[in-house]
Amino acid sequence: MLRFVLRRLLLVIPSLAGLLVMTFFLIRVVPADPAAALAGENATPAQVAEIRRQYGLDQPLYVQFAVYLGQVARLDFGESAYSRRPVSLDIKLRLPATLELTVTALLLATLLGIPLGTIAAVHHNRWPDTLLRILSVGGIAVAAFWFAIELQLLFAMQLDWLPLRGRMSPGLTAPPTLSGFLLIDSLLAGRLDAFRDALRHLVLPAFTLSLGGLATIMRFTRAGVLETLQKDFVTYERAQGFPPHALIWKFVLRNSVVAAITQIGLLFGSTIAGAVVVETIFDWPGIGFYTVQAILTADYKVMLAVTLLIGVIYALVNILVDVVHGLIDPRLRERG
Amino acid sequence: MSDAALLEVRNLRLSVRTDEGIAQILDHVELVLPHGHILGVVGESGCGKSTLARAVLGIVPKTATIESGEIRLEGEDMLRLSDREMTERVRGRRIGFIPQDPYLALNPVFTIGSQLLSPLRWHSPPTLRTERERRGHLVSLLRRVQIPEPEAVLERYPHQFSGGQRQRLMIAGALACGPSLVIADEPTTALDVTTQLQILKLLKSLTEEFGIGMLFVTHDFGVVAQLCDSITVMYAGQTVEAGPTREVLADPRHPYTRALLACHPDRSDGLTGIPGLVPSPLAPPTGCRFTPRCTHAVEVCSRRTPRFVSDSPGHLVSCRLADEHRKVGL
Chain Y
1 MLRFVLRRLL LVIPSLAGLL VMTFFLIRVV PADPAAALAG ENATPAQVAE IRRQYGLDQP
61 LYVQFAVYLG QVARLDFGES AYSRRPVSLD IKLRLPATLE LTVTALLLAT LLGIPLGTIA
121 AVHHNRWPDT LLRILSVGGI AVAAFWFAIE LQLLFAMQLD WLPLRGRMSP GLTAPPTLSG
181 FLLIDSLLAG RLDAFRDALR HLVLPAFTLS LGGLATIMRF TRAGVLETLQ KDFVTYERAQ
241 GFPPHALIWK FVLRNSVVAA ITQIGLLFGS TIAGAVVVET IFDWPGIGFY TVQAILTADY
301 KVMLAVTLLI GVIYALVNIL VDVVHGLIDP RLRERG
Chain U
1 MSDAALLEVR NLRLSVRTDE GIAQILDHVE LVLPHGHILG VVGESGCGKS TLARAVLGIV
61 PKTATIESGE IRLEGEDMLR LSDREMTERV RGRRIGFIPQ DPYLALNPVF TIGSQLLSPL
121 RWHSPPTLRT ERERRGHLVS LLRRVQIPEP EAVLERYPHQ FSGGQRQRLM IAGALACGPS
181 LVIADEPTTA LDVTTQLQIL KLLKSLTEEF GIGMLFVTHD FGVVAQLCDS ITVMYAGQTV
241 EAGPTREVLA DPRHPYTRAL LACHPDRSDG LTGIPGLVPS PLAPPTGCRF TPRCTHAVEV
301 CSRRTPRFVS DSPGHLVSCR LADEHRKVGL
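In order, the protein sequences belong to chains Y and U.
The first sequence: position 326 = 326 (my numbering), numbered continuously.
The second sequence: position 71 = 71 (my numbering), numbered continuously.
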């Protein structure tokens with residue numbers, strides 16, 4: 001198993017190298033001239049040239065790339081043109097909020113999607129299946145921004161059950177930052193009031209963000225379970241008197257979730273992308289909103305750092321997915 | 001009910017709903033298996049023998065309906081039991097099952113131990129109360145079916161075993177809860193010839209040792225001759241002939257049994273076959289289903305299903321000619 005994990009880690013190196021090269025060139029081929037953007041609208045050509053020289057943009061590409069690698073290694077992405085603070089500091093402050101939101105959303109999607117998909121498969125083509133199919137198509141089709149606003153209207157404005165926006169109520173002091181996840185930090189600090197408050201703030205945005213993933217995971221689980229149910233070993237297990245509950249939820253399900261778990265890894269990307277919209281609507285102090293501003297102002301340092309960061313996280317999540325696959329299926333483990 | 005046969009199937013009719021209509025898969029199926037005997041159910045593929053095995057276990061597909069008949073296990077009608085009762089009291093516990101293809105029948109993502117021990121947990125016989133006792137019981141069974149290093153085997157996964165070894169594991173699994181009946185659905189078809197022979201010998205000695213009756217489904221008369229005490233021959237969902245193995249092989253009465261035996265490579269001079277095809281269960285011939293392919297058929301054959309009558313003690317034939325065979329000495 002250890003060898004299996006190490007192999008996965010080695011395999012990620014080429015992907016990360018590719019990511020570095022791509023981000024490097026991406027910045028240099030974008031239509032917006034970064035030097036012009038940095039210099040501002042009323043800058044003279046001389047000023048633009050001065051900035052180009054100052055940032056090394058007039059150097060040969062290989063020199064620029066070497067400099068770039070050094071900066072990445074030191075996590076030095078320079079100063080944001082917009083916030084006038086080091087980009088790495090901005091990210092450090094905002095990333096945990098986004099991760100907490102994204103991870104919760106994916107967790108929700110998985111914990112609901114796998115059982116619901118299984119129920120749909122067990123009741124194949126009967127009403128529970130039909131109902132869940134309608135809901136899952138809805139989950140993909142409905143626009144997140146519309147759904148989020150409807151949720152806000154109902155649960156925050158009318159029923160007043162949940163907060164409308166933000167990550168924590170204004171009157172409350174945040175627990176000391178350890179993981180950056182408010183739920184975890186408040187528990188570690190023994191602050192149940194803060195935990196409750198953070199959880200209440202998290203419910204609506206996380207649920208909104210989970211919808212697309214929930215529908216996908218549900219569909220893949222359903223297909224997987226349906227396929228497994230046709231297998232000989234299921235007939236054998238029934239013939240040997242395996243009770244239906246254990247048969248489905250243990251012996252069938254474990255054979256059926258590999259495709260769904262692959263999707264969880266892939267969904268991480270689209271969920272982070274979705275966080276941009278959800279963070280904007282719920283006023284969530286994460287990296288999504290920050291990135292939108294960076295794109296709008298052609299703040300290329302921020303774009304670069306965020307792209308790299310998400311790429312790295314995405315690769316790590318997919319290693320995790322591979323490891324989970326290995327834990328589920330012994331044959332994958334041995335193939336390495 | 002101590003005098004009841006171990007397994008008795010009477011007048012079983014089963015149909016399956018398909019997109020093209022109702023398929024009559026089993027029609028007037030009859031069989032009797034005494035305690036401790038091995039009964040071979042023989043027929044070509046598609047004759048309904050596997051469906052029969054599944055019907056006894058109560059695991060026919062949802063599209064199947066049992067229209068009439070009885071399936072009695074030690075006198076108790078299985079068709080009156082709910083699926084829950086079948087799961088809790090019959091499957092795995094009173095009836096063990098050995099599948100056709102051991103390569104596909106083991107769950108690939110669970111260890112052998114968790115697959116074979118689970119039924120013991122659910123159907124725990126009174127002598128095996130603790131996990132330790134159950135493990136010990138299973139290990140001794142694995143040893144009995146000649147699996148090397150049985151303790152270590154419990155922690156391994158199915159793909160780490162050969163076909164013959166897997167079938168030994170399935171046999172141990174079928175015997176684990178101490179059943180009185182074992183249903184084996186072509187258990188050697190997927191194995192190579194030498195392994196086949198070993199498995200057959202093992203099955204034979206195990207049924208004797210544990211006093212188990214076995215319903216052995218196969219298409220191979222050679223296997224039946226080696227293993228079974230008696231035979232039931234099926235054709236297109238009907239039972240056509242039944243009797244002690246030696247007698248049926250030496251003196252087959254039904255034209256289909258004769259034709260089938262003539263096809264066996266040991267007996268025929270070259271490649272012979274039965275002219276025509278097995279009829280579609282969607283539109284089976286009326287009366288005796290073998291009529292269209294039968295060289296002895298007369299007009300009455302397609303009008304009435306012949307009764308399953310005793311030709312000589314213990315030898316039953318479902319053929320209009322059965323009486324006449326004797327008279328004219330066919």
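Hints were generated in silico from the structure; no laboratory data involved.
Even glycine gets a Cβ: it sits at the ideal position worked out from N, Cα and C.
Mixed in with the good hints, there may be bad ones.
Unchecked claim - A short, non-exhaustive set of chain U residues, derived as facing chain Y with CB atoms under 8 Å:
{"#": "1", "residue": "Ser50"}
{"#": "2", "residue": "Leu57"}
{"#": "3", "residue": "Gly92"}
{"#": "4", "residue": "Arg93"}
{"#": "5", "residue": "Asp101"}
{"#": "6", "residue": "Phe110"}
{"#": "7", "residue": "Trp122"}
{"#": "8", "residue": "Pro125"}
{"#": "9", "residue": "Phe161"}
{"#": "10", "residue": "Gly164"}
{"#": "11", "residue": "Ala190"}
{"#": "12", "residue": "Arg293"}
{"#": "13", "residue": "His296"}
{"#": "14", "residue": "Val298"}
{"#": "15", "residue": "Val300"}
To be verified - Pairs of lysine-lysine, DSBU-like flavour, derived with a Cα cap of 35 Å:
{"#": "16", "chain 1": "Y", "residue 1": "Lys250", "chain 2": "Y", "residue 2": "Lys231"}
{"#": "17", "chain 1": "U", "residue 1": "Lys204", "chain 2": "U", "residue 2": "Lys62"}
{"#": "18", "chain 1": "U", "residue 1": "Lys62", "chain 2": "Y", "residue 2": "Lys92"}
{"#": "19", "chain 1": "U", "residue 1": "Lys201", "chain 2": "Y", "residue 2": "Lys231"}
{"#": "20", "chain 1": "Y", "residue 1": "Lys92", "chain 2": "U", "residue 2": "Lys204"}
{"#": "21", "chain 1": "Y", "residue 1": "Lys231", "chain 2": "U", "residue 2": "Lys62"}
Said to hold, decoys possible - Which bits of chain Y does chain U cover? Going by a derived footprint, with three or more residues having C-beta under 8 Å, they are:
{"#": "22", "segment": "77–84"}
{"#": "23", "segment": "112–120"}
{"#": "24", "segment": "241–251"}
Quick rundown of the hints versus the structure:
1. Ser50: violated (10 Å)
2. Leu57: Since chain Y brings a Cβ to about 5 Å from U/Leu57, closer than 8 Å, the hint holds.
3. Gly92: With a closest approach of 3 Å, the U/Gly92 hint holds.
4. Arg93: Holds - the Cβ of U/Arg93 comes within 8 Å of chain Y, reaching about 6 Å at its closest.
5. Asp101: With a closest approach of 6 Å, the U/Asp101 hint holds.
6. Phe110: holds (7 Å)
7. Trp122: holds (6 Å)
8. Pro125: violated (13 Å)
9. Phe161: Violated: closest Cβ of chain Y sits about 12 Å from U/Phe161, beyond 8 Å.
10. Gly164: Hint on U/Gly164: violated, closest Cβ of chain Y at ~17 Å, above 8 Å.
11. Ala190: violated (11 Å)
12. Arg293: Violated, about 31 Å.
13. His296: violated (39 Å)
14. Val298: At about 42 Å, which exceeds the 8 Å cut-off, the nearest Cβ of chain Y leaves the hint on U/Val298 violated.
15. Val300: violated (41 Å)
16. Y/Lys250 with Y/Lys231: holds (15 Å)
17. U/Lys204 with U/Lys62: holds (34 Å)
18. U/Lys62 with Y/Lys92: violated (57 Å)
19. U/Lys201 with Y/Lys231: holds (29 Å)
20. Y/Lys92 with U/Lys204: violated (72 Å)
21. Y/Lys231 with U/Lys62: holds (15 Å)
22. 77–84: As far as the segment 77–84 of chain Y goes, the hint is violated, because 0 residues have Cβ atoms under 8 Å from chain U.
23. 112–120: Answer violated; 0 residues pass the 8 Å Cβ test.
24. 241–251: Coverage by chain U holds for the segment 241–251 of chain Y (6 residues, Cβ < 8 Å).
Of the numbered hints listed earlier, those contradicted by the structure are 1, 8, 9, 10, 11, 12, 13, 14, 15, 18, 20, 22, 23.
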